[in-house]
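2 protein chains.
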Amino acid sequence: MFTLYHHPFSPSSRFVRLIIAEYGADFQEELVNPWERPQKLLLLNAAGTVPVLVENDGPALCGPGPILEYLDETRGYAVADRRLMPDHPEARAETRRLVEWALGKFDREVVGHMVRERIYKQAMPRSAGGGEPDSSALRVARANIHHHMKYFGYLVASRRWLSGDRLSFADFALAAELSCADYLGEVPWASEDNVKNWYARMKSRPSMRPMLSEKILGMPASQTYADLDF
Amino acid sequence: MFTLYHHPFSPSSRFVRLIIAEYGADFQEELVNPWERPQKLLLLNAAGTVPVLVENDGPALCGPGPILEYLDETRGYAVADRRLMPDHPEARAETRRLVEWALGKFDREVVGHMVRERIYKQAMPRSAGGGEPDSSALRVARANIHHHMKYFGYLVASRRWLSGDRLSFADFALAAELSCADYLGEVPWASEDNVKNWYARMKSRPSMRPMLSEKILGMPASQTYADLDF
Numbered sequence: 001m002f003t004l005y006h007h008p009f010s011p012s013s014r015f016v017r018l019i020i021a022e023y024g025a026d027f028q029e030e031l032v033n034p035w036e037r038p039q040k041l042l043l044l045n046a047a048g049t050v051p052v053l054v055e056n057d058g059p060a061l062c063g064p065g066p067i068l069e070y071l072d073e074t075r076g077y078a079v080a081d082r083r084l085m086p087d088h089p090e091a092r093a094e095t096r097r098l099v100e101w102a103l104g105k106f107d108r109e110v111v112g113h114m115v116r117e118r119i120y121k122q123a124m125p126r127s128a129g130g131g132e133p134d135s136s137a138l139r140v141a142r143a144n145i146h147h148h149m150k151y152f153g154y155l156v157a158s159r160r161w162l163s164g165d166r167l168s169f170a171d172f173a174l175a176a177e178l179s180c181a182d183y184l185g186e187v188p189w190a191s192e193d194n195v196k197n198w199y200a201r202m203k204s205r206p207s208m209r210p211m212l213s214e215k216i217l218g219m220p221a222s223q224t225y226a227d228l229d230f
Numbered sequence: 001m002f003t004l005y006h007h008p009f010s011p012s013s014r015f016v017r018l019i020i021a022e023y024g025a026d027f028q029e030e031l032v033n034p035w036e037r038p039q040k041l042l043l044l045n046a047a048g049t050v051p052v053l054v055e056n057d058g059p060a061l062c063g064p065g066p067i068l069e070y071l072d073e074t075r076g077y078a079v080a081d082r083r084l085m086p087d088h089p090e091a092r093a094e095t096r097r098l099v100e101w102a103l104g105k106f107d108r109e110v111v112g113h114m115v116r117e118r119i120y121k122q123a124m125p126r127s128a129g130g131g132e133p134d135s136s137a138l139r140v141a142r143a144n145i146h147h148h149m150k151y152f153g154y155l156v157a158s159r160r161w162l163s164g165d166r167l168s169f170a171d172f173a174l175a176a177e178l179s180c181a182d183y184l185g186e187v188p189w190a191s192e193d194n195v196k197n198w199y200a201r202m203k204s205r206p207s208m209r210p211m212l213s214e215k216i217l218g219m220p221a222s223q224t225y226a227d228l229d230f
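These protein sequence lines are chains A and B, in that order.
In terms of the UniProt record's numbering, the first sequence opens at residue 1 and continues consecutively.
In terms of the UniProt record's numbering, the second sequence opens at residue 1 and continues consecutively.
No lab work stands behind these hints: they were computed from the structure.
Model, not experiment: these values are computed from the prediction.
Hints are supplied without guarantee of correctness; some may be wrong.
No copy is singled out in the list; a pair is fine if it fits within one copy or between any two copies.
Claimed, not checked - As a list, the in silico SDA-like pairs of lysine to any residue whose alpha-carbon atoms are at most 25 Å apart:
(1) K105 - D165
(2) K121 - S191
(3) K150 - E117
(4) K40 - P188
(5) K196 - A221
(6) K150 - A46
(7) K196 - G153
(8) K150 - E36
(9) K150 - L42
(10) K40 - A25
(11) K40 - G153
(12) K215 - M202
(13) K150 - T49
(14) K40 - T3
Start from the sequences, fold in the hints, and give me the full structure.
Structure representation (structure tokens):
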């Protein structure tokens with residue numbers, strides 16, 4: 001049994017929840033507010049970040065990259081053709097590049113700002129940096145998202161899925177990030193039909209269902225968030 | 001034959017040069033100033049970052065994570081017990097965690113600032129953000145380095161190498177980052193004997209030699225940089 005230390009609106013944590021479900025595994029959850037740097041989290045992960053995954057009484061697996069590789073190395077054989085990592089080293093490199101693009105670059109330049117300014121800061125005390133969103137951070141994120149959407153649109157127009165002909169970890173990395181931005185109504189769907197159609201396919205997967213019914217107290221989801229036919 | 005697109009003082013590029021040498025492969029180099037966003041780089045890697053590795057006329061392998069996995073997947077069997085990725089999934093997760101710590105967190109919080117402010121900005125035109133170093137960025141980096149050194153000291157005091165009993169990719173990731181900071185005289189060696197002794201072992205590896213004789217025009221290396229007995 002896995003234990004997942006996570007926050008419901010941490011995009012990397014959402015990615016791990018999705019891929020655990022896709023690999024047919026199960027987990028119990030420990031909700032964590034990473035900005036509080038709780039002792040139980042720091043003892044598992046000195047970086048103080050989520051997600052952290054623990055299998056039974058094994059060591060802590062820290063961060064989405066090490067977790068996805070561990071999951072594939074220990075469960076990949078069992079899921080057979082539903083495996084989310086391609087076989088060929090070149091295709092694997094492309095999948096890993098796009099996982100890092102989504103959870104790294106896209107998160108740093110776009111979604112990370114949106115989640116921090118509009119969700120985390122509502123829950124943080126002022127002494128820890130909480131309070132009103134920083135409008136200049138949001139402005140930058142909202143300008144940046146168009147460049148990323150255009151690139152994702154280019155990719156899914158030329159391939160069946162984000163990193164190639166088969167569904168891969170890259171699709172779930174991007175879906176996890178977009179789902180957080182979409183909750184906040186921050187995704188300009190109208191400008192990129194190809195991304196919208198790809199995301200509609202992702203939304204219809206059973207692994208995404210639990211996420212689409214999640215709510216933040218006092219902050220309803222955007223109209224598109226749970227709608228499979230948005 | 002590999003072609004490596006890199007910058008001599010990009011820590012992630014240094015990491016790739018080190019592990020290619022450790023895996024007994026060879027490469028021809030294409031020097032790139034990533035801040036110029038040259039067309040030949042953007043065509044290979046839409047993120048515009050180095051390192052990018054290309055094998056013969058294969059696709060571009062972008063970024064240190066995808067590159068290390070590719071190298072291990074295609075060459076790991078051949079290097080046998082000099083392989084830099086452990087066998088067990090749990091040990092692999094620990095190696096990957098520390099590679100990400102070094103090239104990600106440590107670079108973002110410390111070495112990336114030092115390299116950008118003191119090396120890249122000397123070569124960048126003012127219109128592209130070049131010029132005098134930003135002293136507040138350097139101050140933050142110099143404060144942060146102590147926390148990281150303490151953590152690295154704790155790790156190498158309790159293990160033979162950074163991520164466990166065997167030399168791994170994690171050691172080269174950290175050595176690559178520290179080598180850039182050390183060139184600038186920015187590593188407080190005196191405060192962490194264990195890290196210093198570990199780095200002395202790393203420095204004596206043939207793969208590190210070419211790097212230790214590199215120089216930036218008009219900016220000599222620190223006294224400790226090339227000294228094996230610093």
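Hint check results:
With identical chains, the CA atoms of K105 and D165 are at most 25 Å apart within one copy only, with a shortest distance of 23 Å there and 33 Å across copies. In this assembly of identical chains, K121 and S191 lie within 25 Å of each other by CA distance neither inside one copy nor across copies; the values are 29 Å within and 36 Å between. Taking the shortest Cα distances, K150 and E117 sit within 25 Å of each other inside one copy (24 Å), while across copies they are farther apart (31 Å). Taking the shortest Cα distances, K40 and P188 never come within 25 Å of each other, neither inside one copy (38 Å) nor across copies (30 Å).
Taking the shortest alpha-carbon separations for K196 and A221, only the intra-copy value of 18 Å comes in at or below 25 Å, while the best inter-copy value is 52 Å. In this assembly of identical chains, K150 and A46 lie within 25 Å of each other by CA distance solely across copies; the values are 12 Å between and 36 Å within a copy. Taking identical chains as interchangeable, the C-alpha atoms of K196 and G153 lie at most 25 Å apart only when both belong to the same chain, with a minimum of 9 Å there against 48 Å between chains. For the identical chains of this complex, K150 and E36 are inter-copy neighbours only, at 22 Å across copies versus 36 Å inside a copy, given an alpha-carbon limit of 25 Å.
Taking the shortest Cα distances, K150 and L42 sit within 25 Å of each other only across copies (15 Å), while inside one copy they are farther apart (38 Å). Within a single copy, K40 and A25 get their C-alpha atoms as close as 24 Å, which meets the 25 Å cut-off; across copies the closest is 43 Å, which misses it. In this homomeric assembly, K40 and G153 come within 25 Å of each other (Cα to Cα) only across copies, at 22 Å, whereas the closest approach inside a single copy is 41 Å. Taking the shortest Cα distances, K215 and M202 sit within 25 Å of each other inside one copy (19 Å), while across copies they are farther apart (50 Å).
In this homomeric assembly, K150 and T49 come within 25 Å of each other (Cα to Cα) only across copies, at 19 Å, whereas the closest approach inside a single copy is 30 Å. Taking CA atoms no more than 25 Å apart as the test, K40 paired with T3 passes inside one copy only; the shortest distance there is 13 Å, against 45 Å between copies.
Going down the numbered hints, you'll see the structure goes against 2, 4, while the others check out.
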